[in-house]
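Chemist: Going down the list, the sequences are from chains Z and V. Every letter in the first sequence is one number past the one before it in this note's numbering, and letter 280, counting from 1, is 280. Every letter in the second sequence is one number past the one before it in this note's numbering, and letter 81, counting from 1, is 560.
Worth double-checking, as some hints may not be accurate.
Here are the simulated SDA-like cross-link-like pairs (lysine to any residue), alpha carbons at most 20 Å apart as the crow flies [what the hints assert, rightly or not]:
| hint | chain 1 | residue 1 | chain 2 | residue 2 |
| --- | --- | --- | --- | --- |
| 1 | V | Lys568 | V | Glu554 |
| 2 | Z | Lys378 | V | Ala522 |
| 3 | Z | Lys388 | V | Asp529 |
| 4 | V | Lys492 | Z | Lys393 |
| 5 | Z | Lys355 | V | Glu500 |
| 6 | Z | Lys355 | V | Tyr516 |
| 7 | Z | Lys393 | Z | Met257 |
Sample of chain Z residues at the chain V side, in silico, Cβ under 10 Å [to be verified]:
| hint | residue |
| --- | --- |
| 8 | Phe349 |
| 9 | Ile357 |
| 10 | Arg380 |
Bear in mind the hints are in silico, worked out from the structure with no lab data behind them. Here the structure is a predicted model, which means the values were calculated and not measured. Glycine included, every Cβ here is placed at the ideal spot set by N, Cα and C.
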Amino acid sequence: MELYRKPAHELSKLLAKKEISARELTGQVLEQIELKDKELGAFITVTAEKALETAREVDEKRAKGEELPLLAGIPLALKDNICTKGLRTTCASKMLENYQPPYSATVVEKLSQLPLVGKTNLDEFAMGASTETSFFKPTRNPWDRERVAGGSSGGSAAAVAAGEAVVALGTDTGGSIRQPAAFCGVVGLKPTYGRVSRYGAVAFASSMDQIGPITRSVEDAALMLQEIAGEDPRDAASSREPVADYTSGLKQGVAGMKIGIPKEYLALDLDPSVRQRFDEACKALEDAGASCIEVSLPHTEYAAAVYYIVACGEASSNLARFDGVRFGYRAPDSPDTTTMYSNTRGEGFGFEVKKRILLGTFALSSGQYDLYYSKAQKVRRLVADDFKNAFTKCDCLLAPTTTMLPFKIGEIESLSGQYELDLCTIPANLAGLPALSVPVGLSQGLPVGVQLVGKHFDEETILKVGWALEQCFGPMEVK
Amino acid sequence: MSINREVVEHVAKLAKLAISEEEAEQFTNEIAGILAYAEKLNALDTTGVDPLISPVPMQAVLRDDIVEENLSQQEALAAAPEVQDGMFKVPRIIEEE
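Assemble the whole structure, with the sequences as input and the hints as a guide.
Modeler: So this is what it looks like as structure tokens:
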């Protein structure tokens, strides 16, 4: 039986009934990595032995009748900006090429019963949308290996799509979970800001970063969120809001629900095949008993500009910690400390990261702060208020996840100067809202995703609508 | 203020970031492009709008001050590029007399 092709919710039942073992399942997933990853490049580090050891422990506990979490024994991949104690965590950067964290992220502790098969590739420090800024290698799209897997969580999305993991975690600051999920034909959930602890996730833009699952089904995403959500005193932004039950109402259907369609997103320069799939998704929800109504988010056009200033400003501050003193790369042969700092950072960071640090430093510098950073934060309020207004008229929003199909490796160069490529995903980060990307089939052999955006802490609604969409379009095959 | 090569080099100094001549040129062009794009924000009147700092309202949370185990010195130093006598070692900071 090809277990690696199945979603986690089915596998967890088979494991619970002892029809399969975690070891057998993990073995199959590791075999897929062995077969495919040389070409795909989804992983920076593969941890086969560790995975099999965890699987064996889970099987033993189950044999003894010990109580286990629902997802115990399901093979997991982690984006390589999530710290794992004693296991190399690189952020796909030369700066952290050999960094072994002295502690694990909270989410890693929470998922310790899931065999960890490896750490996945990303854009360097999660800065990019194609996994091409990785210091190590680009990740290829399992549906077309000449194309990108998206980014920055491209490795996690490609791994889940290719059967090299059953579930994965990514991080999303401006779309980095949802866009690669859409490009690879898998499900990606960015939870509400503060819903999941970021302790141990290497910080990029702290007012937007969020950890979330990448999975093969909406139900799997709900199960993963259930495991990782909740307050954590070690992340000051984590919320005390009670954690909902994400699976009990999942299959209730969408009859009577109001789905808002933001007209500004449809006015974007959408690829015709993306638009066609999006219209089909609207129709599918209406056929299922929901009503799709037009809503307006008038400040959408400013979201990308706000994002550049805020994200780069915060990144320039967060990345100040990489100075060659306490961890990471240090430039050799510096005559004094100041030269050591500058050379370490100049040599350790790649082009995109340096560009963002410079832009951010400029935007925060004396004389520029009010003009750029403060102005951007004010416009950010207007973007967030748009959503508040829209949610008085509807239960959640439906929008395209991306404006385009997965592009070719190397093509990003030709896209430079196009500042609005991530305009569909950025606003949810600015407003801190939960957002779920769900595959809605193929176009020209490539996956297309649509995105549901919900109210703060209302992951239940978007999961429910996402599940209904999945029933119409079916889960995608494992490539 | 518009950005130019000189400003980029000044900002690189502030950010403690060594950049090559060639990079300085590229960064100047790319950052100028982004800032020109961001100019569109100035078209909006934001008088009286409160800056949004955290997207979800947050309250300061107090906790009891309890002594807990922390990283040992050995663990804290384990990832450092250079260590001496239980301390992080860095190149010279003060000139010799």
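Chemist: Has the given pair, Lys355 (chain Z) with Glu500 (chain V), been kept, meaning a C-alpha gap of at most 20 Å?
Modeler: Holds, because 14 Å separates the two Cα atoms, which is no more than 20 Å.
Chemist: Does Lys492 (chain V) pair with Lys393 (chain Z) here, judged by a C-alpha cut-off of 20 Å?
Modeler: Violated: Lys492 (chain V) and Lys393 (chain Z) sit about 50 Å apart, past 20 Å.
Chemist: Hint validation: Phe349 (chain Z) versus chain V, beta carbon distance must be below 10 Å. Holds or violated?
Modeler: holds, 8 Å
Chemist: Hint validation: Ile357 (chain Z) versus chain V, beta carbon distance must be below 10 Å. Holds or violated?
Modeler: holds, 5 Å
Chemist: Close enough to count: is the Cβ of Arg380 (chain Z) nearer than 10 Å to one in chain V?
Modeler: holds, 4 Å
Chemist: Is the hinted pair Lys393 (chain Z) and Met257 (chain Z) satisfied, with a Cα-Cα distance of at most 20 Å?
Modeler: At roughly 11 Å apart (the allowed maximum being 20 Å), Met257 (chain Z) and Lys393 (chain Z) satisfy the hint.
Chemist: Starting from Lys378 (chain Z), check that the Cα of Ala522 (chain V) is at most 20 Å away, please.
Modeler: holds, 13 Å
Chemist: Would the pair Lys568 (chain V) and Glu554 (chain V) pass a check requiring their Cα atoms to be no farther apart than 20 Å?
Modeler: Holds - the C-alpha atoms of Glu554 (chain V) and Lys568 (chain V) are around 16 Å apart, at most 20 Å.
Chemist: What's the verdict on Lys355 (chain Z) and Tyr516 (chain V), does the C-alpha distance respect the 20 Å limit or exceed it?
Modeler: Holds, because 16 Å separates the two Cα atoms, which is no more than 20 Å.
Chemist: Between Lys388 (chain Z) and Asp529 (chain V), is the straight-line Cα distance small enough, at 20 Å or below?
Modeler: holds, 16 Å
When the structure is compared with the earlier hints, a violation turns up for hint 4 alone.
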